[in-house]
Structure formats: C-alpha cells, structure tokens
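For chain A, the structure is supplied; the task is to place chains B and C on it using the hints.
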Amino acid sequence: MEKRVVFNSRWLPYLLVAPQVAVTAIFFFWPAAQAIYQSAFIPDPFGLKTQFVGFGNFEYLFGNAFYRQSFVTTAVFSVLVTVLSMSFALWLAAMADRIIKGSGIYRTLLIWPYAVAPAVAGVLWLFLFNPFTGIISWLLAQYGYTWNHGLNGGQAMTLVVIASAWKQISYNFLFFLAGLQAIPKSVIEAAAIDGASFWKRFWTIVFPLLSPTTFFLLVVNIIYAFFDTFGVIHTITQGGPQQSTTILVYKVFADGFVGQDLGSSAAQSVVLLVLVSLLTVIQFKFIERRVHYG
Amino acid sequence: MADITFTDIRKNYGRTEIIHGIDARIADGEFIVIVGPSGCGKSTLLRMVAGLETITSGKIAIGSRIVNELEPRERNIAMVFQNYALYPHMSVFDNMAYGLKISGVPKAEIRARVDEAARMLELVPYLDRKPRQLSGGQRQRVAMGRAIVRKPAAFLFDEPLSNLDAKLRVQMRLEIKALQRKLATTTLYVTHDQVEAMTLADRMIVMNGGVAEQVGAPLEVYANPQTLFVAGFIGSPPMNVLKTSVRDGSVWIGGRHDLGPVALGEGAVIGIRPEHLSIVPQGAGLFDATVAFSEPLGAETLVHTTTLTADAVIVRIGGDVHPPRPGEVIGLAVPPGRLFAFNADGKRIAGF
Amino acid sequence: MVERRGIGTWLTHAGLILGIALICFPIWVAFVASTLSQADLVRPPMPLIPGGHAIANYSEALFTGANAPVWLMLVNSMVMALGITIGKIVISILSAYAIVYFRFPFRMLFFWLIFLTLMLPVEVRIVPTYEVVAGLGLLNSYTGLILPLVASATATFLFRQLFLTIPDELVEAARVDGAGPVRFFIDILLPMSRTNIAALFVILFIYGWNQYLWPLLVTTDPSMNTIVMGIKQMLPTGDDVAKWPVVMATAMLAMLPPVLVVVFMQNLFVKGLVESEK
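Residue numbers (this note's numbering), protein chains in the order written: chain A, 1 to 294; chain B, 1 to 352; chain C, 1 to 278.
What the hints contain is simulated information worked out from the structure, not anything from laboratory work. Possibly wrong hints are sitting among the right ones.
Straight-line C-alpha distance at most 25 Å; calculated DSS-like pairs for lysine-lysine [claimed, not checked]:
no., chain 1, residue 1, chain 2, residue 2
1, C, Lys-271, A, Lys-185
2, B, Lys-130, A, Lys-185
3, B, Lys-167, A, Lys-200
4, B, Lys-243, A, Lys-200
Each pair of labels, with its calculated beta carbon distance range [unchecked claim]:
no., chain 1, residue 1, chain 2, residue 2, range
5, A, Gly-153, C, Asn-267, 49 to 57 Å
6, A, Lys-285, B, Ala-108, 37 to 45 Å
7, A, Phe-284, C, Asp-168, 24 to 32 Å
8, B, His-20, C, Ile-166, 43 to 51 Å
9, C, Ser-59, B, Arg-15, 53 to 61 Å
10, B, Glu-295, C, Asn-267, 33 to 41 Å
For glycine and all other residues, C-beta sits at the position ideal for the given N, C-alpha and C.
Next up, chain A with everything else stripped away, as it sits in the complex (with noise of 0.2 Å):
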C-alpha cells in the first residue's frame, strides 16, 4: 500500500529512521553477522587465534548426540505446550462466549497470566510442586506418587509444560474469544434452525470458521515455546536433570556463557536463526490469508 500524497524532504526521512536504523544494525545486524562468521571458526584452546572450519562447527553439532537430542527434546516440549495451551483457552473461550451477562468479569480474572514474566511463572510452579515444601508434591505423595523434577526426566519436562503453559493460556483465550465473538450470530441462528445441537454447531461450523485464528495461535505458540520460554527452564530445572529439559535456546546459552564454547554456540545460534525465519515467514503467510475468510 503506497500514500498518494507525501512529503517532500531531502534529509528529513533519514533522520527519522535513523535512531532506529542505527540500532538495528549495531544490536541486530552486526551481531547476527557476527553468529554467522563465528560459527565458521573455532577458537583454539588459548582464545587467542582461531581456526576456519566451515560448516566444521555444524557438522559437529548435528553428529553430536546431546544436540540432536535437543531438538527431539525442544519439539516434544513445543507440541506439549501448544497442545496443551491452546485446547483449555479454546474451552474456556467457547463457555466465556455462550455466557451474555458477567464474561466481562471472566475475562478481567482469566487475563492476568499474561502480565506475568516467564521466569517468575517458573517460580511460582516450582514453588508448588518443590520436592520438600511444595503442596502439590504434597498431594501427590498423599496418594503414594513421589515427586522430586530434580531426579526425574519425565516430571521435570512435565512441569516446564505446564509453568509454561500457563502463562501462555490468557493470549490464548483473548484472541480465541475475538475469534468467536467474530462469527456472524445469524450463522449460528441459521446453523440452529438447520437443525444443529451446540456441539454440532461447533465442531461443524464455529471451529472450521476459527481456523485462521487457529493457524494463526499454533505458530505463535511454538515461536513463543521455542524461545520465550528460557525463563522458565532457567528457574526451574538449568535445563535439566541430566539435559532431559534442555531445549535448543536454553543449549546456546548453556554452551556459550556457561561451557564458554563459541563456536558452538554460535553455530547453534545460527541454526536458531534459520528456525525463527521459517517460523516467521509462515506466521505472515498464515496473517494474509486471515483476511479471506467469512
């Protein structure tokens, strides 16, 4: 989309978008550039010079078990996630929409996850489910069920799900709820008199009409479970035990600032980069075809 009517000045625009230029380039551009030609060299034992290697770095990674176990362990941690969070906003959208009087106020209660920071999301479930102190390890032991996510793989992965599923539930319901508010109440009417019961109703004509929010929400849930959701590990598990909840940008960091090893890291975050693209590029596809719909 073009303006037909503009401004003319020489120098103007330039010093409007150069604040923001400037810092694309120094904090985006030239570190991005920077990943890329780092993750062809290796450092040599002294940091003092370093090696060219090429794709040497890359190919160490992908024959590396730990790192192909990350992205086994990143994916599985991405569906739970999105699976998870998607489906109780989706239910807790369709009961907020059925109800006229008082979803303003269901809203207000259901919204507040949003505002709370990944890391302190980690906090606040690892507080619950702490081996020693937590109440629902409590519980849990009540009925013979022994929890300690320090110890076990799977309870860890279990609860980086759901601390992370949580907070991601209120963007969820927000934009399904918009989703639904959406639909044309004389479709539903029409759908009613053609004979549908409610649940008919919504599998059969509410739902496929949600699909561009749908599509929409699963991309921005896995970007989301992909890298926003570093806090979480951080606070709860450093991404273990024994690597089972290292996810891939958990293992840049890992691999960089703690083991100091930058040409892996950079190499990782090379491949990151690579991901976060092909994330991006569908998210706007999925964006342009919204508008088709209805």
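Quick look at chains B and C alone, frame taken from chain A:
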C-alpha cells in the same frame, strides 16, 4: 405443512414490553406478510416463531404442537435471513445439504433434493462455489434453497430482499411468490416495504408499535383500513388526511365543505385516497386547494396541493392529462362513499 | 435463542469458575505464602489462608533481598521497562512516519531491514550481542539493558498500518493550511494515534518489565539486577532451603506492576494485542 396460531403473544425485554398481545390464525399453505415500520416488532415476532427469541407470555402453535419451549431445531421450520447467513466455509451444495446431513438423510436423497432445489432456483452451475464468490441475488437464492430442501412445515423470511438493488428486488419478489405457490408451504414473510406486502401476501398483518393493527387480504386492507396508521402506511402515495372543524353543529373539512351534522367527535380526521380525487373548476368540488407542484411519473402525475385549512393533499391524475400550474386554485371532487373517517385515537369510524 | 440447556447453564459457569480457579491458584498460593512464616512452610501442607507475616516478609524482601534489596531491583526494572517502552514507541513511530509519508531512496530497503529484525529475537544472537555491548562498555548500565531491545518491528508495522488508514485529504488540508511535515506530525498525526500508542504502551511495558535472558547476561553487578532476573538468585541451589516466604513476597512484587497495568488498562490492552498481530 401446518397452520400457525398466535395466542396473545407478548414479549418483554427486561421490564419493557415491546409486543403487546398479538392474535392471529394462519391457515396451512397461506402466504402471510407481516409488514410495518422499523421497530414495530415484526422481526421479533418472526424470531419468536423460529425460536430465536423467547416468548414472554402467550402461545405459538405450529400445527397441533405448542412450540414455546421447543428449540429451533425441533420446530420443523426453515428461515431465510436478511443477510442470508450462509456458511462461509462450505460450498453452495454443502450449504443446502447441511440440515439434511444433520438429520441423517441418506446421501442419495440429499443429492436428489439439493439438485431439485438447485434446478428450481437456477443454481446448478454454482453448486461448487463458496458464498463469497456469489452475487447478492445468488446468495439469496442459496439461502432459499437451504430452506426448501428441508421441506419444513413453514418458511420464515426476515426481510430477505432488503439488501438487493431495486430491480433485483422486483424480480425476486415474483420468484418467491411463484415458488411458494408451487410448494404450497405456509409462509411468514417480514418486510417494511408495503409494496412487497401487497404483491406477495394472501393476507397481511400490519404492525405498529408492537400491536397488530389489522389483519386481512391486501385489497381488503387497502379498501377498508381499520386505523389511521394502516390507511397511511398501505398505499403509495399515502392517503390524504384532512382536519375537521365543527361550525354551527356541522363538521367542515377543507374550510369549505359541510359534511352535515354527523357525529365524528373532537379531533376526528377525514381520509381520501389520491386516486379518488378528481380536479374540477374552483368552487365546483367538495373543497378548493392551491397547487404547489406536480410530479409527472409518466403513467400518472401526482399533483401536490394545499387546502385552505393547510392540509396537504395529493391528487392522482392520468399521465396524458395536462396538469394544473403551480399557484392555480382548483376544486377537488370525490365520489360518494370514498371518504374515510378516523377518530382522534386513529380508529376508523364505521358507517361513514 | 430458546435452548433447553437445563444444567447446561450451570455447567458453563461451573466450568469457567473451575478454569479461573486453576489459573489463579498459583498466584493465590504465592500470595498466601508471602504472608506466612518460614516455619509454616517448611512442613507441608501449607495453609491456604493468609497468615500474619506479611509485613515481616515484604520488609525483608524490600530492604534485604538476596544479593540486592528488592526496592533497588524494582527501580531498575521500572527504569528498564519504561526505557524500553518509550524508546520503542518513539523510534518506531518516527520510522513508520518516514516510511509512509516520504519518498526517498532506500525507503523499501529500510522497510525490509526492519522486517528482518523479526527473525532476530535476542535469544538468537545472545553471544555476539553481548560481545558488542561489552565492547561498547555498556555492561551493567541502563543503556546496556535498554538499547539492544529498543528496535521493534511490530511497533513499526502497527504504526505503519495505522498511518496508511489515515485519509490523504488530511495531509492535503494540512499542507494547504501551511503545515510542514513536522507540524503535521505533531499537531495531527500524534493526536490521532493516541489510542494506539496507549495500547502499545501496555504491551511493551509488560514486554520490557518481564525481560529475563538479556538482563541476566548484561548485569554482573547485583546492584543492577532487575527484579524478574533477581528472583532466580533467591532460589535454593543444591540442598539449601530457600526462605520461601521472602521469595514469594518478591514474586508478588515482581508481578504487581504488569498485572496492575493489564487489569486497569484492560480494554486498551486487548485492543492493542489483537490489532498488533494483524
């Protein structure tokens, strides 16, 4: 096929009553038009029949069943909405087949019924298209097709032609009438357009402010309006209304004509239809009027005049007659029996 | 609609209440914990009604904290959040204005460059960005906390979209009235963008306040800790027992500003969220 009965239907929103007791009996196969201005409650009434609004008190019966507590899908009715309400994600075929699929009709029969409706409505080339690929008129037909295939006890139309352009509206009117004759299904049709009402209805229910002011066949309602509102609403151009004044025990209109000592009551008015007035020389008719301007429409000309008592009177004359000039004073004559009298409450005074 | 829902209505409300309970449960527990004493918490199950230790816990958090008193961390967080929010808004609105209302060489190039930054969240470039910031001497500074996060593609796109919907006639009328580009921007465009700016403010403030990874890397001096990252340092490592009441009090304080902003500016927030993703 079924008859529909309204017994003292009332509807409240909160504490405000908006429908004040409607009674009517609609015979099986009848085409009933519920007509009235915006806000009179006609759509609400229709939606109560459909089950899209609850009934506060009174009873609606479809056939022998009282349907007050039945959900829309249990009432065996079909509805055509003002904005068509087609399912955007389904093809035309699927839109029409939806209701049948839900009730478990076998696929072959669905195919047969949809094809038959599509042929009747000239939709066969469009069966695979989605609603957004169709024009307004085509979507309208799909909405009707969706109603037809279900073979319901009654059709409900909620101002279906409002969103179409004038020419299309005229064409669709005829098609709807023909369709209903062919299918012989009881039909309730809501509109604010009195022309649609006149051309489509077997009988009309004229509504105003939540009340059914008159129920009857179009020509009957036209010739014999029971209230001032009905007289003014049905017929275009509307009926002329003349104020009355009482002088020496006689009732006068137009400042000149003496109706004699008839008992009309305070604030009564006289109604005369434009086509019942004829132009005669000044002083030779019932009363005089000054011409303001004329509207030549081709087949007829509408002459706008003002009487001595400041009533606006429209006269209908033939299109090939030379209309009087603005400013001219003319006489207006009315044949006997063409005067209507209404009292101050708008009710028709019988026997006038 | 006539619907024989019967218990259906009750189930709907019950379901929603259950959902809300599940959502709010962690926060309630945290709140209660922040009002109890350590002794109450050490042996589960902890009571679910608030106790009387609120003042003690919150004071300890605020004035002692872990490596830094919480009040200091709150200040740091506020400076960072406001800095990021205002910075993002100012930079984006200026760029969007330039891109929409001017024709200049490299215009589309700048546009695509900004678009590309969407693919570069900080998590993807942590090590090199850290090196750049360190190289510029910006570690442990507000500038270092704020600046790298301040270029935003989403805000720029939002403003661009908004400006595109403003009728051309306004610009023409302004020009006829003698307004140059700067006057037009200040007197006409800005006031018209008020709602969008407010909505964005809410979302960006939450984004800024909740930053975790970047502050973690860029601050080594505890006096520069933000509250969201500072909490982690209060958690037990190994076999230590944490002072949970104080930790929970800190958590409540960490959540307070964003939650208040969301709840009180709810309508703006929802509008901004839904609009900014279009």
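Results of checking the hints against the structure:
1. C/Lys-271 with A/Lys-185: Within the cut-off at roughly 21 Å; holds.
2. B/Lys-130 with A/Lys-185: holds, 19 Å
3. B/Lys-167 with A/Lys-200: violated, 39 Å
4. B/Lys-243 with A/Lys-200: Roughly 60 Å separates the two Cα atoms, so the pair is violated.
5. A/Gly-153 with C/Asn-267: 49 to 57 Å: violated, 44 Å
6. A/Lys-285 with B/Ala-108: 37 to 45 Å: About 40 Å separates the Cβ atoms of A/Lys-285 and B/Ala-108, which means 37 to 45 Å holds.
7. A/Phe-284 with C/Asp-168: 24 to 32 Å: Holds: the Cβ-Cβ distance is about 27 Å, inside 24 to 32 Å.
8. B/His-20 with C/Ile-166: 43 to 51 Å: holds, 49 Å
9. C/Ser-59 with B/Arg-15: 53 to 61 Å: holds, 54 Å
10. B/Glu-295 with C/Asn-267: 33 to 41 Å: Taking Cβ atoms as reference, B/Glu-295 and C/Asn-267 lie about 52 Å apart, which means the hint is violated.
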